[in-house]
Amino acid sequence: GAVVSQHPSRVICKSGTSVKIECRSLDFQATTMFWYRQFPKKSLMLMATSNEGSKATYEQGVEKDKFLINHASLTLSTLTVTSAHPEDSSFYICSAKKASSGSRTDTQYFGPGTRLTVL
Amino acid sequence: AQSVTQLGSHVSVSEGALVLLRCNYSSSVPPYLFWYVQYPNQGLQLLLKYTTGATLVKGINGFEAEFKKSETSFHLTKPSAHMSDAAEYFCAVSPSRTGANNLFFGTGTRLTVIP
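From first to last, the protein sequence lines are chains H and P.
First residue of the first sequence: 1, per our numbering; consecutive thereafter.
First residue of the second sequence: 120, per our numbering; consecutive thereafter.
FYI, nobody ran anything at the bench for these hints, they're computed from the structure.
Keep in mind that a hint or two might mislead.
Using 20 Å as the maximum straight-line C-alpha spacing, the simulated SDA-like pairs for lysine to any residue come out as follows [as the list claims (entries may be wrong)]:
no.: 1; chain 1: H; residue 1: Lys20; chain 2: H; residue 2: Ser9
no.: 2; chain 1: P; residue 1: Lys168; chain 2: H; residue 2: Ser43
no.: 3; chain 1: H; residue 1: Lys41; chain 2: P; residue 2: Leu126
This structure is a prediction, so every number in the text was calculated from the model and none was measured.
Starting from the given sequences, assemble the full structure and let the hints guide the process.
Encoded structure:
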């Protein structure tokens with residue numbers, strides 16, 4: 001199998017605080033992980049691509065200092081939403097590609113998502 | 120540039136009826152095309168994908184999709200709907216140059232199956 005977990009599944013925080021979301025590949029090693037954001041009734045939007053041991057690559061319009069990504073090991077990537085505001089409330093989804101994957105056609109395996117609500 | 124349009128945010132079918140979920144894409148280079156399914160409180164699961172070769176692609180759970188370049192479409196079908204098919208379905212495209220590293224998703228279609 002190829003299971004990806006996220007923790008927490010739901011989080012509510014006060015405006016101005018920081019929130020960390022973890023993405024783990026449970027039964028495989030992932031050199032590349034992806035972070036998406038999903039707004040209600042909207043498609044998933046890629047925020048950044050996270051490579052183990054190197055800096056994340058952010059998509060245009062995504063603030064690097066706002067959304068801190070760390071990919072410290074082959075099974076864990078974290079997304080920290082710093083100084084969260086109500087407009088950051090959203091559904092955040094991660095995905096991972098297997099470390100053995102060298103093909104462009106290989107699959108991304110998705111986590112169940114984390115719903116962030118900022119009050 | 121790549122983009123995906125899924126016609127119909129909600130589709131309802133009777134159990135046993137044909138399922139047809141529409142997806143049209145725009146891509147400046149030959150595309151890779153994907154269908155994902157999302158069950159409540161679960162992550163996206165790959166149903167099927169088209170990269171090269173045969174344009175009719177068969178996936179899991181009896182689903183299939185056909186890549187039609189002339190129509191820029193990749194519609195998802197299943198001959199007979201089952202109650203367990205009720206879920207959210209997402210079509211995605213990626214430029215073949217970068218492949219599955221760069222997915223562009225549609226807004227999703229929620230499938231309801233009526234007993």
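For this session: Provide an ascending list of the numbers of those earlier hints which the structure does not satisfy.
Result: Going through the list in order, the structure violates no hint and respects every one.
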